[in-house]
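**Q** Sequence:
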Amino acid sequence: MAKSRVLVVGGTGYMGRRLVKASLAAGHPTYILRRPEIGLDMDKLQILLEFKRQGARLIDGSFSDHRSLVEAVKQVDVVICAMSGVHFRSHNLLLQIKLVDAIKEAGNIKRFLPSEFGMDPARMENALEPGRVSFVEKMRVRKAVQEANIPHTYVSANCFAGYFVGNFCQMRTLLPPKHKLHIYGDGNVKAVFMDEDDVATYTIKSIDDPRTLNKTLYLRPPENILSQRELVEKWEKLTGTTLEKISIPGEDFLALLKGAEFAEQVGLGHFYHIFYEGCLTNFEIGEDGEEASKLYPEVEYTRMHEYLNRYL
71 MAKSRVLVVG GTGYMGRRLV KASLAAGHPT YILRRPEIGL DMDKLQILLE
121 FKRQGARLID GSFSDHRSLV EAVKQVDVVI CAMSGVHFRS HNLLLQIKLV
171 DAIKEAGNIK RFLPSEFGMD PARMENALEP GRVSFVEKMR VRKAVQEANI
221 PHTYVSANCF AGYFVGNFCQ MRTLLPPKHK LHIYGDGNVK AVFMDEDDVA
271 TYTIKSIDDP RTLNKTLYLR PPENILSQRE LVEKWEKLTG TTLEKISIPG
321 EDFLALLKGA EFAEQVGLGH FYHIFYEGCL TNFEIGEDGE EASKLYPEVE
371 YTRMHEYLNR YL
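When we follow my numbering, the leftmost residue of the sequence shown carries the number 71, and every step to the right adds one.
I should point out that these hints are in silico values taken from the structure, not numbers from a laboratory. Where is the CB? At the ideal position from N, CA and C, for every residue including glycine. Hints are not guaranteed to be accurate.
What the hints assert, rightly or not - Dumping the calculated DMTMM-like pairs for lysine to aspartate or glutamate here, alpha-carbon to alpha-carbon at most 25 Å:
| hint | residue 1 | residue 2 |
| --- | --- | --- |
| 1 | 275 | 199 |
| 2 | 364 | 354 |
| 3 | 168 | 111 |
| 4 | 122 | 147 |
| 5 | 213 | 361 |
| 6 | 248 | 314 |
| 7 | 174 | 279 |
| 8 | 213 | 111 |
| 9 | 213 | 147 |
| 10 | 275 | 368 |
| 11 | 260 | 303 |
| 12 | 260 | 171 |
| 13 | 275 | 147 |
| 14 | 260 | 322 |
| 15 | 91 | 130 |
| 16 | 213 | 199 |
| 17 | 144 | 358 |
| 18 | 364 | 190 |
| 19 | 73 | 111 |
| 20 | 122 | 361 |
| 21 | 73 | 266 |
| 22 | 304 | 347 |
| 23 | 91 | 361 |
| 24 | 213 | 175 |
| 25 | 364 | 279 |
| 26 | 307 | 322 |
| 27 | 180 | 135 |
| 28 | 174 | 107 |
| 29 | 260 | 175 |
| 30 | 91 | 314 |
Said to hold, decoys possible - Here are the in silico distance ranges between beta carbons for each label pair:
| hint | residue 1 | residue 2 | range |
| --- | --- | --- | --- |
| 31 | 334 | 292 | 40 to 46 Å |
| 32 | 233 | 200 | 16 to 22 Å |
| 33 | 334 | 300 | 24 to 30 Å |
| 34 | 130 | 71 | 26 to 32 Å |
| 35 | 325 | 364 | 52 to 58 Å |
| 36 | 245 | 300 | 16 to 22 Å |
| 37 | 245 | 373 | 36 to 42 Å |
| 38 | 334 | 260 | 23 to 29 Å |
| 39 | 322 | 192 | 47 to 53 Å |
| 40 | 122 | 73 | 41 to 47 Å |
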């Protein structure tokens, strides 16, 4: 069977460039939407040109030009969107509805994967404000996808290691604390941590898999289901050090929301759901979902003690 042609939207971004790399590695004819908004961003241009050198094809298209999106979509079989939904960087999730409109008109797409890659928004309807906005917007995109009868897969990738592992889940830093750190509650609530390259690998494997059609793909490899304390213990074992641990009760953590800037309030709310409520692991995957490491046991996913080695 011929490999599906894959269009990555947001192919120069944090996840997008990993998805392009994984798609090329898997042998898919890989296309990247080249948007005029790139302007004079030399870094993004160089990323695009390097992917072109590796065999990716660049397709011009703009979210302000519906016809260009339709023409871009007509050239491929699968569309993966990796537009940013992180408030402290950029936040463009609802632009995807224009992409959904183009996919609907084109009528040829076998699979659409919208930009999710975090917590499952369908399970976050009671999320705290203002962080709830992220899940509301993702659900609006899902609603548009389903109303347009577009074949789809949603990817719930949980905690990106780059944001959560090297800093032991501390806020306002991406590097390991040297002497002390904050522990959320008792620190024993389980979360799921994923190397971003593994997220891309699992995502690309799902695009032609009938088992993931119109379902949510949950990334929960068993050895990466860890508590915050377990993560810290891995670092202490690697370094032979012991860090001072300062516990923050749930009510004290929620008090931090008051007076914080909008983007920080969003992040605080999400941290509360993950590390106090256990929203990533406090449910069983039902008939509407599949677990990636069970579907694709051949993937040698990165364990977090391996990931931590890069910070030594």
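**Q** The structure should be examined with respect to each hint, and the outcome stated for every one.
**A** Verification of the supplied hints:
| no. | hint | in the structure |
| --- | --- | --- |
| 1 | 275 to 199 | violated (35 Å) |
| 2 | 364 to 354 | holds (14 Å) |
| 3 | 168 to 111 | holds (24 Å) |
| 4 | 122 to 147 | holds (19 Å) |
| 5 | 213 to 361 | holds (23 Å) |
| 6 | 248 to 314 | holds (9 Å) |
| 7 | 174 to 279 | holds (21 Å) |
| 8 | 213 to 111 | violated (33 Å) |
| 9 | 213 to 147 | holds (21 Å) |
| 10 | 275 to 368 | holds (11 Å) |
| 11 | 260 to 303 | holds (14 Å) |
| 12 | 260 to 171 | violated (38 Å) |
| 13 | 275 to 147 | holds (14 Å) |
| 14 | 260 to 322 | holds (20 Å) |
| 15 | 91 to 130 | holds (19 Å) |
| 16 | 213 to 199 | holds (21 Å) |
| 17 | 144 to 358 | violated (29 Å) |
| 18 | 364 to 190 | holds (18 Å) |
| 19 | 73 to 111 | violated (32 Å) |
| 20 | 122 to 361 | violated (33 Å) |
| 21 | 73 to 266 | holds (23 Å) |
| 22 | 304 to 347 | holds (23 Å) |
| 23 | 91 to 361 | holds (22 Å) |
| 24 | 213 to 175 | holds (17 Å) |
| 25 | 364 to 279 | holds (13 Å) |
| 26 | 307 to 322 | violated (30 Å) |
| 27 | 180 to 135 | holds (23 Å) |
| 28 | 174 to 107 | holds (24 Å) |
| 29 | 260 to 175 | violated (43 Å) |
| 30 | 91 to 314 | violated (39 Å) |
| 31 | 334 to 292: 40 to 46 Å | violated (33 Å) |
| 32 | 233 to 200: 16 to 22 Å | holds (19 Å) |
| 33 | 334 to 300: 24 to 30 Å | holds (26 Å) |
| 34 | 130 to 71: 26 to 32 Å | holds (29 Å) |
| 35 | 325 to 364: 52 to 58 Å | violated (40 Å) |
| 36 | 245 to 300: 16 to 22 Å | holds (20 Å) |
| 37 | 245 to 373: 36 to 42 Å | violated (20 Å) |
| 38 | 334 to 260: 23 to 29 Å | holds (25 Å) |
| 39 | 322 to 192: 47 to 53 Å | violated (30 Å) |
| 40 | 122 to 73: 41 to 47 Å | violated (19 Å) |
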